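Here the protein sequences come in this chain order: A and B. Take the first sequence: its position 52, counting from 1, is numbered 219 in our numbering, and each next residue is one higher. Take the second sequence: its position 41, counting from 1, is numbered 78 in our numbering, and each next residue is one higher.
None of these hints come from the bench; they were simulated from the model. Just so we're clear, the structure is a prediction, and the values are computed from it rather than from any experiment. Just so you know, not all the hints are guaranteed correct.
Here are the in silico distance ranges between beta carbons for each label pair [claimed, not checked]:
#, chain 1, residue 1, chain 2, residue 2, range
1, A, 170, B, 88, 23 to 33 Å
2, A, 249, B, 133, 31 to 41 Å
3, A, 195, B, 88, 21 to 31 Å
4, A, 247, B, 55, 44 to 54 Å
5, A, 183, B, 87, 28 to 38 Å
6, B, 53, A, 223, 42 to 52 Å
7, A, 207, B, 38, 13 to 23 Å
8, A, 244, B, 110, 24 to 34 Å
9, A, 197, B, 152, 39 to 49 Å
Rough simulated footprint, nothing fancy, chain B against chain A, three-plus residues with beta-carbon under 8 Å [unchecked claim]:
#, stretch
10, 203 to 212
11, 255 to 266
In the DSSO-like style, the derived pairs of lysine-lysine whose C-alpha atoms are separated by at most 27 Å in a straight line are [to be verified]:
#, chain 1, residue 1, chain 2, residue 2
12, B, 108, A, 263
13, B, 94, B, 108
14, A, 237, B, 94
15, A, 237, A, 271
16, B, 102, A, 223
17, A, 275, A, 263
18, B, 106, B, 94
19, B, 106, A, 263
Glycine is no exception: its CB is placed at the ideal position from the N, C-alpha and C atoms.
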Amino acid sequence: TQLLEQSPQFLSIQEGENLTVYCNSSSVFSSLQWYRQEPGEGPVLLVTVVTGGEVKKLKRLTFQFGDARKDSSLHITAAQPGDTGLYLCAAYNFNKFYFGSGTKLNVKP
Amino acid sequence: EAQVTQNPRYLITVTGKKLTVTCSQNMNHEYMSWYRQDPGLGLRQIYYSMNVEVTDKGDVPEGYKVSRKEKRNFPLILESPSPNQTSLYFCASSPRILGEGQPQHFGDGTRLSIL
Chain A
168 TQLLEQSPQF LSIQEGENLT VYCNSSSVFS SLQWYRQEPG EGPVLLVTVV
218 TGGEVKKLKR LTFQFGDARK DSSLHITAAQ PGDTGLYLCA AYNFNKFYFG
268 SGTKLNVKP
Chain B
38 EAQVTQNPRY LITVTGKKLT VTCSQNMNHE YMSWYRQDPG LGLRQIYYSM
88 NVEVTDKGDV PEGYKVSRKE KRNFPLILES PSPNQTSLYF CASSPRILGE
138 GQPQHFGDGT RLSIL
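Start from the sequences, fold in the hints, and give me the full structure.
This is how it looks when you write it as structure tokens:
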């Protein structure tokens with residue numbers, strides 16, 4: 168059983184479309200991170216959210232941490248082919264890191 | 038350049054032959070960790086280390102050993118590898134954990150195949 172459930176698992180969209188990826192848990196976390204991974208490379212941190220209800224923006228990417236600090240979402244506006252990759256959420260609890268199973272995004276030109 | 042270096046990047050070996058995957062970081066990070074990545078399962082933590090000589094089990098430690106004799110190095114040891122340990126392995130490091138998740142810096146991965 169995954170501590171963090173991500174949805175959807177796969178997403179294939181056209182360039183210019185908007186999308187949202189979800190990361191849910193029944194546990195409360197002090198913070199939650201989003202990473203992006205490209206083939207043949209390790210994950211790279213996009214953002215850390217720490218406060219319930221917090222919203223952070225990174226250009227066309229908007230990250231939200233749920234009020235109860237159990238869930239998070241990543242919204243991409245006007246997706247581009249360069250956004251293609253595997254998006255992973257991760258949480259830290261009692262010295263350990265837990266990752267979701269990931270959302271594989273393919274943006275077609 | 039700040040980085041986490043893993044070696045080897047690729048390894049094909051046979052069941053039962055002991056192997057070590059090395060990991061080194063040059064950022065003076067206290068926290069280091071090993072993960073395995075399998076399709077549909079995301080990354081699962083194998084072992085982590087809070088500092089030199091301090092290691093602890095992650096979610097999937099069976100069949101693995103680690104050591105942290107120096108701050109920069111955190112090798113992953115498979116004493117008797119089995120085919121179910123075929124996977125993509127990542128080493129990561131981060132600054133000292135202060136009660137909330139610090140950013141982790143990942144190596145480029147080691148693809149391990151055990152026949």
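Practice task
Could you tell me which of the hints above the structure violates, numbers in ascending order?
Solution key: Result: hints 5, 8, 16, 17 break, sorted rising.
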